[in-house]
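**Q** As given, the protein sequences belong to chains A and B, one line each in that order. Sequential numbering from 1395 applies to the first sequence in the numbering used here. Sequential numbering from 1395 applies to the second sequence in the numbering used here.
The set of hints was computed from the structure by calculation and includes no laboratory data. As the structure is a computational prediction, the values presented were derived from the model and not from experiment. Do not take every clue at face value.
Copies of the same chain are indistinguishable here, so a pair counts whether it falls within one copy or spans any two.
Said to hold, decoys possible - In silico SDA-like pairs for lysine to any residue, Cα to Cα no more than 20 Å straight-line: (1) K1488 x P1435; (2) K1513 x L1526; (3) K1488 x R1444; (4) K1488 x P1430; (5) K1488 x D1432; (6) K1513 x R1531; (7) K1488 x G1448; (8) K1488 x E1447; (9) K1488 x G1433; (10) K1488 x R1454; (11) K1488 x F1441; (12) K1513 x P1532; (13) K1513 x G1425; (14) K1513 x S1528; (15) K1488 x V1457; (16) K1488 x V1440.
Protein chains: 2
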Amino acid sequence: MRVLGVDPGLTRCGLGVVDGRLGRARMVAVGVVRTPSDGDPGERLVFLEREMEGWLDRYRPDVVAVERVFADSNITNVMSTAHATAVALLAATKREVPVVFHTPTEVKAAVTGSGRADKAQVTAMVTRILGLASPPRPADAADALALAICHAWRGAQSARLDALAKAARG
Amino acid sequence: MRVLGVDPGLTRCGLGVVDGRLGRARMVAVGVVRTPSDGDPGERLVFLEREMEGWLDRYRPDVVAVERVFADSNITNVMSTAHATAVALLAATKREVPVVFHTPTEVKAAVTGSGRADKAQVTAMVTRILGLASPPRPADAADALALAICHAWRGAQSARLDALAKAARG
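Construct the complete structure from the given sequences, taking the supplied hints into account.
**A** This is the structure in structure tokens:
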């Protein structure tokens, strides 16, 4: 299963492509799309959409996994994260690529075993799981890869449970 | 000046087109785009984008005025409003139509004279200003028209002040 992980943001949007199956994951690509925080809001979204479309067309993921955002004390952060999420939803849906959401806790638990792991622990585990020579930078890139690993593994686990249930029934 | 007012939302997105100059306003079109709250989030955004693009292409506004959203106790509301706002920003920017934001207080003050007017007062004034036979329904439609009137009048006022300043200088 190939997953495009998206850590949504307008100033920095982390993107990471992973091929994964239960317990295994290989990095295909990683990057960060940046738009100037003093730029025109519409232009920033259009730029991000073009980049996102480029990634979808180049890597053809089976699914896009996006971080689900909850409340933030800073409403501006929430809004720009939501705008970037909308761009990902639009671009993927138009290509008939399903979009799934995972909370930060789910992602941390999937890659480190603890939902309360800090950023350094997540980055360290992503580096180890993917067998990278050096940790992905910035943190948004590591987060996007962690999202992709999380979904690839959870998806594989669900598929395995479905198969076991089917076998038990049949 | 022709303004497309957008009261952003996913379940109901109010759209209103107004031709206006200082103290005058004529309604060109009004409507509400609805998407099912239990629908796929991506499909809802794609549908809203198509509708928004249709309005932009049909009515060719000089500017799009969107309600600026602040904190809401319900994060789901904030997110879906932000997603709808992103759709408006993308569609307008791709057509090189500028997007402006007005707060609910600015809109209420522009059409009723008080930033603390309630929904019924806003609807009543919109109906009166535009000389409509009956109040626009639902409230989202009236809000979209109020936004468009607000921007048409504020824009006209700024242009007038600019002209006066220029005359004073020259």
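**Q** Please go over all the hints and tell whether each is borne out by the structure.
**A** Structure-based check of each hint:
1. K1488 x P1435: Between copies only: 12 Å across chains, 22 Å inside a chain, cut-off 20 Å.
2. K1513 x L1526: Within one copy, since 17 Å is at most 20 Å while 57 Å is not.
3. K1488 x R1444: So K1488 and R1444 pass the 20 Å test inside a copy (13 Å) and across (11 Å) alike.
4. K1488 x P1430: between (26 Å within a copy, 18 Å between copies)
5. K1488 x D1432: Classified as between; 19 Å across copies, 29 Å inside a copy.
6. K1513 x R1531: within (12 Å within a copy, 49 Å between copies)
7. K1488 x G1448: Both, since 13 Å and 17 Å are each at most 20 Å.
8. K1488 x E1447: Answer is both; intra-copy 10 Å and inter-copy 15 Å each pass.
9. K1488 x G1433: For K1488 and G1433, the Cα distance is within 20 Å only across copies (15 Å; inside one copy 26 Å).
10. K1488 x R1454: within (13 Å within a copy, 25 Å between copies)
11. K1488 x F1441: both (17 Å within a copy, 10 Å between copies)
12. K1513 x P1532: within (11 Å within a copy, 46 Å between copies)
13. K1513 x G1425: Within one copy, since 17 Å is at most 20 Å while 46 Å is not.
14. K1513 x S1528: Within one copy only: 15 Å inside, 57 Å across.
15. K1488 x V1457: within (13 Å within a copy, 27 Å between copies)
16. K1488 x V1440: both (15 Å within a copy, 7 Å between copies)
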